[in-house]
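Chemist: Residue numbers (the working numbering), protein chains in the order written: chain A, 369 to 651; chain B, 4 to 521; chain C, 286 to 618.
These are computed hints drawn from the structure, not numbers from a lab. Some hints could be false.
The calculated lysine to aspartate or glutamate pairs, modelled on DMTMM-like cross-linking and capped at a C-alpha distance of 20 Å, are [stated by the list, open to error]:
id: 1; chain 1: C; residue 1: K393; chain 2: B; residue 2: D177
id: 2; chain 1: B; residue 1: K341; chain 2: B; residue 2: E314
id: 3; chain 1: C; residue 1: K393; chain 2: B; residue 2: D195
id: 4; chain 1: B; residue 1: K355; chain 2: B; residue 2: D481
id: 5; chain 1: B; residue 1: K318; chain 2: A; residue 2: D426
id: 6; chain 1: B; residue 1: K466; chain 2: B; residue 2: D177
id: 7; chain 1: C; residue 1: K393; chain 2: B; residue 2: D66
All of these numbers come straight from a predicted model, not from anything done at the bench.
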Amino acid sequence: MTAAPPAATYRPARGARRRTVTLVAVAALPPLLSLAGPLIAPHRLGTPVTSPFATPGDGAVLGGDLLGRDVLSRVLHGGTPLILGALLVATVTTAAATLTGSLAVLRPRVGRAVERAADVAILLPPLLGIMLIALAWPGGGRWAVIAAAVVLGTPYAVRVVAASAAPLATAGWVEAALGRGESTAYIALREILPNLRATVLTLFGLRFVEAVYVISMAGFLQIGPQPPASDWSLMVRENAPGVLLNPWAVIAPGLAIALLAVTVNLVTLSLAPDTTAKAVHRA
Amino acid sequence: MGVTRRQLLRAGTGVSAAGLLAACGGGSDGSGATAGSGGADRPRTGGTLRVGALGHGSAITRDPHGTQANESDYLILALVFDTLTVPGAAKNTAPRLAASWESSQDLRTWTFRIAEGAVFHDGTPVTAEDVVWSLQRLRRTPSGAARLPGIQVGNISARDDGTVVVVSDYANADFPLMTRFSSFVLKKGTSDADIARAPGTGPFTLDWFRGGNARLVRNDRWYGPAVHLDAIEVTMFETPQAMANALLAGQIDLASNAGAVAARTARSRADVQVLRRPDDMAMPIVMRTAADSPFADRRVREAIRLVVDREAMVKQVLSGYGTVANDILGTGDPRYAKDIPQRGRDLVRARKLLRDAGFDLSRTYELVTTEDISGLAESATLFADQAREAGIKVEVVKQESGAFWDRTWKSGDFYTSYWGTNDSVVFFASKTMVSEAGQNEAAWHDTGFDAAYREVIGSDDPKRRAAALTALQRIEHDRSGYLLWGMADGIDLAASKVRNLPKLPGYGRVQLEGVWLR
Amino acid sequence: MTPTAATRRAPAPAAGTAHRITATALRIAGVVARRALLLVVLLAVVFAAVELLPGDAADAASERGESAADLAARRHLLGLDRPLWERFADWMTALPAGDLGTSAQGQKVTDLLADPLPNTLVLAASAFVITVVSSLLLGCWAASKPGGRGDRIVSHLSTAAFAVPEFVVSVSLLLVLSLWTGWLPAATVTGGDGRPATWTMLIMPVLALAVPQTGWNTRVVRGALADQASAPHVEAAHLDGLPPHVVLLRHQLPGAVPAVATGLATSTGLLFGGAVVVETLFNYPGVGSVLAGAVAARDTPLIAGVVMSAGAVISAVLLAADLVRHATLGARA
Numbered sequence: 369m370t371a372a373p374p375a376a377t378y379r380p381a382r383g384a385r386r387r388t389v390t391l392v393a394v395a396a397l398p399p400l401l402s403l404a405g406p407l408i409a410p411h412r413l414g415t416p417v418t419s420p421f422a423t424p425g426d427g428a429v430l431g432g433d434l435l436g437r438d439v440l441s442r443v444l445h446g447g448t449p450l451i452l453g454a455l456l457v458a459t460v461t462t463a464a465a466t467l468t469g470s471l472a473v474l475r476p477r478v479g480r481a482v483e484r485a486a487d488v489a490i491l492l493p494p495l496l497g498i499m500l501i502a503l504a505w506p507g508g509g510r511w512a513v514i515a516a517a518v519v520l521g522t523p524y525a526v527r528v529v530a531a532s533a534a535p536l537a538t539a540g541w542v543e544a545a546l547g548r549g550e551s552t553a554y555i556a557l558r559e560i561l562p563n564l565r566a567t568v569l570t571l572f573g574l575r576f577v578e579a580v581y582v583i584s585m586a587g588f589l590q591i592g593p594q595p596p597a598s599d600w601s602l603m604v605r606e607n608a609p610g611v612l613l614n615p616w617a618v619i620a621p622g623l624a625i626a627l628l629a630v631t632v633n634l635v636t637l638s639l640a641p642d643t644t645a646k647a648v649h650r651a
Numbered sequence: 004m005g006v007t008r009r010q011l012l013r014a015g016t017g018v019s020a021a022g023l024l025a026a027c028g029g030g031s032d033g034s035g036a037t038a039g040s041g042g043a044d045r046p047r048t049g050g051t052l053r054v055g056a057l058g059h060g061s062a063i064t065r066d067p068h069g070t071q072a073n074e075s076d077y078l079i080l081a082l083v084f085d086t087l088t089v090p091g092a093a094k095n096t097a098p099r100l101a102a103s104w105e106s107s108q109d110l111r112t113w114t115f116r117i118a119e120g121a122v123f124h125d126g127t128p129v130t131a132e133d134v135v136w137s138l139q140r141l142r143r144t145p146s147g148a149a150r151l152p153g154i155q156v157g158n159i160s161a162r163d164d165g166t167v168v169v170v171s172d173y174a175n176a177d178f179p180l181m182t183r184f185s186s187f188v189l190k191k192g193t194s195d196a197d198i199a200r201a202p203g204t205g206p207f208t209l210d211w212f213r214g215g216n217a218r219l220v221r222n223d224r225w226y227g228p229a230v231h232l233d234a235i236e237v238t239m240f241e242t243p244q245a246m247a248n249a250l251l252a253g254q255i256d257l258a259s260n261a262g263a264v265a266a267r268t269a270r271s272r273a274d275v276q277v278l279r280r281p282d283d284m285a286m287p288i289v290m291r292t293a294a295d296s297p298f299a300d301r302r303v304r305e306a307i308r309l310v311v312d313r314e315a316m317v318k319q320v321l322s323g324y325g326t327v328a329n330d331i332l333g334t335g336d337p338r339y340a341k342d343i344p345q346r347g348r349d350l351v352r353a354r355k356l357l358r359d360a361g362f363d364l365s366r367t368y369e370l371v372t373t374e375d376i377s378g379l380a381e382s383a384t385l386f387a388d389q390a391r392e393a394g395i396k397v398e399v400v401k402q403e404s405g406a407f408w409d410r411t412w413k414s415g416d417f418y419t420s421y422w423g424t425n426d427s428v429v430f431f432a433s434k435t436m437v438s439e440a441g442q443n444e445a446a447w448h449d450t451g452f453d454a455a456y457r458e459v460i461g462s463d464d465p466k467r468r469a470a471a472l473t474a475l476q477r478i479e480h481d482r483s484g485y486l487l488w489g490m491a492d493g494i495d496l497a498a499s500k501v502r503n504l505p506k507l508p509g510y511g512r513v514q515l516e517g518v519w520l521r
Numbered sequence: 286m287t288p289t290a291a292t293r294r295a296p297a298p299a300a301g302t303a304h305r306i307t308a309t310a311l312r313i314a315g316v317v318a319r320r321a322l323l324l325v326v327l328l329a330v331v332f333a334a335v336e337l338l339p340g341d342a343a344d345a346a347s348e349r350g351e352s353a354a355d356l357a358a359r360r361h362l363l364g365l366d367r368p369l370w371e372r373f374a375d376w377m378t379a380l381p382a383g384d385l386g387t388s389a390q391g392q393k394v395t396d397l398l399a400d401p402l403p404n405t406l407v408l409a410a411s412a413f414v415i416t417v418v419s420s421l422l423l424g425c426w427a428a429s430k431p432g433g434r435g436d437r438i439v440s441h442l443s444t445a446a447f448a449v450p451e452f453v454v455s456v457s458l459l460l461v462l463s464l465w466t467g468w469l470p471a472a473t474v475t476g477g478d479g480r481p482a483t484w485t486m487l488i489m490p491v492l493a494l495a496v497p498q499t500g501w502n503t504r505v506v507r508g509a510l511a512d513q514a515s516a517p518h519v520e521a522a523h524l525d526g527l528p529p530h531v532v533l534l535r536h537q538l539p540g541a542v543p544a545v546a547t548g549l550a551t552s553t554g555l556l557f558g559g560a561v562v563v564e565t566l567f568n569y570p571g572v573g574s575v576l577a578g579a580v581a582a583r584d585t586p587l588i589a590g591v592v593m594s595a596g597a598v599i600s601a602v603l604l605a606a607d608l609v610r611h612a613t614l615g616a617r618a
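Given the sequences, and given the hints that come with them, work out the whole structure.
Modeler: Take a look at the structure:
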């Protein structure tokens, strides 16, 4: 469908260190939050400490939620599953897309199948697809959403990788390898994949942002995490009726999601040169 | 009784609020706006009432005998069509299209007399033939057997133009109670294609219906008491939250069944009245009593009932908008046993009972719940936390509604249920607790209870009947599979100008024909 | 028209015009047929997916006291006892006549969607127009001084906007613009014509949908313009001494159209997804809220009807994008 321009396959050396720093930062964020959050939470998660939707005060810094549980403690706990889930989706999707995409440029039949799958997938609004898949697997909880996000996200991701890999397939060294009679797998893994690093990194970042969006939307529609789990999107949903009684019960988790998404997005963009990001965006 | 899963979810049928454990419930805690009004004011005729009611665009149904999953649809139907009887205040069954009824000696043959002057909206008088046809149509629907229990299609007949005779397969002293919700009367021979435009006999006629929303105008020919409103506009809301927001923003005048949180939000508003209808909803925890269940031992069930902190449940789950209950279902029944001592929290005794029964405290027990109604999943969550204090590990598992009803209901060891019909102890005994009950949620078999139940329904001596009913409630309190920690109030929000709003719980809330605007 | 721009247009030879028209028609027909086929495949997938859901519509519409026999009767009434492929075939063959089947509650699906679909189209189209206008304005403004302060601000803001889920935007809008200030109606009330009673009820839902999409598309516009900045004809225009804004609008922008069109087409699906959440929150009478209920009630014909409508609209938009791209690329060739 999209004739994406060839991605930058080489990088200037000066970007390397900044990239490493940001990579470390993005890698450190989830474990930091998931470790530190629950440690500094002042109250037990399930025990009411105040009246339902109580305003801040009485030892509950951000007030009470719908059962009078401590909002702050639940916000501190509620990011871990979202972050880990998004990380998993981004990793699996990117890995699957990279392998399939590298193969697709060498095997036109695979490439066509991927194109058709992506064409159908684009007609199904992502959220609708998630609803269907998650409901078909009612006991699946988070795993259903994660599976759905991977299944629905992969065709696009493959298309991105394939677009970036297409010019490589005709590159001299690949043709040379073909001429040597190397296997498809060998060429895909040893000749094409290493040259897709920039695309793959950017893709990973964007898939992570996308996964945060999808998982939190699903959580808001109560697909995936279920009460009494503490989860940011679930908190926004279950506390929304009391938004006038204690706005913090909604604002705090909403802000947390927004900040996570924005942070990851900025990190992603700083990871890759503009052209790669653009290519990944557009496809 | 036609208790539908989703239809009756928030509904309760029921009698007056009087005589509950209700130390804290009852009445309206609305703003000062109600002061100086009420009975003293003369009703004013005119005006349009804008009502919000819950419903989903996907579940719209126009058939009065269909499954009304939407409260909004039911509200509209109940104002356009009449049932034979309706929930009442003094007695739990009040006349509507049936002006009176009587039974034969053996309580099997029931005779209903149609109200004088009842006409359809197109002017044709209501005949017994119309009523017979409508009841037969109702009986033929897939849920007909549940809605008109013990009645065969052939046993519904007209005696003369104004009298309908219904013969039950068995003695049924409560049959008129069964005609309160779905015995809507249509003209004989109305085709399914015309159902949406079919004339009713109710206090309002349908001006328009579109996408779940409707406008109804006063039917000046109604045979009932004077109707004051010119029109009622019904708006369907997907969520109670959007409905409450609309009321607070002045977009509607009445938010029907808005919930406790909305009530608390509105409490500070002088221009909004909060109406509480006690005994609206029961949310019991069910413990399966069968031999392979961890709750088979009655001492374990007793212990679980001693573990729950009822006051905390009412305060945290219902925001205080409810009353503490005593593990007996049917709290709205005038014959509810108020003298049975209230069970309280006693962790020491609970621990001893669990020890004596050899209850495995190392295991984690799953408490399955769903989110059909607000507060249900929350009650499970809070109970799990309270059980932890007694050393019982309870994990709450929330299932999607469909999965819950397919897989857990009636077969799970430990789950939450809910009932919107709470005005009859015998109803719950017959439907959910006697050994052969079709909806025996806890798979409970208790010979003592069964004997007491047969005494209640088989006895024509009022004294023996009353004694048996008390015995039945005592057994239920002592050893049934239910933990009933409290009863939620039904809560409506209304603009201060709205007067004479319905006070009955459950379906009583659709009785808007008496409302007027100041 | 400047000479540089003119050279981009391939001169149309007088001979072979008829042949080219036929070829174009064939190509367009091919594109349309491909889109229709994809839609059918999607519907088959959805039908199968719904079949996998636990329970069925007969269950969902049943009442608590119903026996197994009652349930079987209801299932038969709804035709659920017939094989899946047969129901799918029935549904597909009735489709050309505008018949979308009957919902689990016994209502005609076309009736259930007759009002919600136009309402959602109005909502989505308004959000789409706002998205197009604001992302073009912001993107062009940012591209007018690459690397400047405006460019950086737009870049950060658009990133933030597209990363934030619609429900966070919705709840924030609701709180600020209605519940705290009372400026806008908090919920949508529908009138007798099936439309929102006042246009002010549309403002918040439209904004909630448009903000994330504007974020996304602003990035696409900005990127596509940057891409064009290094194109030879643009550099030539700069060398000709044309003012920067003229170069931007008349030389960079036209070249960026295919990329922008594709980005906007992708937004359509996201708008429909967002509508499910936004419509429920604002009580907006659209297909999104119908769908949310239909999925919960496992109402296959209704879900299929919504997916079909959404898929058709998305297909139409994608088709338009295809044609724009074909036209542009064709001209370039």
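Chemist: Run every hint past the structure and note whether it holds.
Modeler: Taking the hints in turn, this is what the structure says about them:
About 37 Å separates the Cα atoms of K393 of chain C and D177 of chain B, which puts this hinted pair outside 20 Å; it is violated. Restraint check for K341 of chain B and E314 of chain B: satisfied, since their Cα atoms lie roughly 18 Å apart, inside the 20 Å limit. With a C-alpha separation of about 12 Å, the suggested pair K393 of chain C and D195 of chain B falls inside the 20 Å cut-off, and the hint holds. A distance of roughly 17 Å separates the Cα atoms of K355 of chain B and D481 of chain B; the hinted pair therefore holds under the 20 Å criterion.
Taking the CA atoms of K318 of chain B and D426 of chain A, the gap is near 17 Å; set against the 20 Å cutoff, the hint holds. Taking the CA atoms of K466 of chain B and D177 of chain B, the gap is about 18 Å. The hint holds against a cut of 20 Å. As the CA atoms of K393 of chain C and D66 of chain B are separated by approximately 13 Å, the hinted pair is consistent with the 20 Å bound.
Violated hints amount to a single one, hint 1; each of the other numbered hints is respected by the structure.
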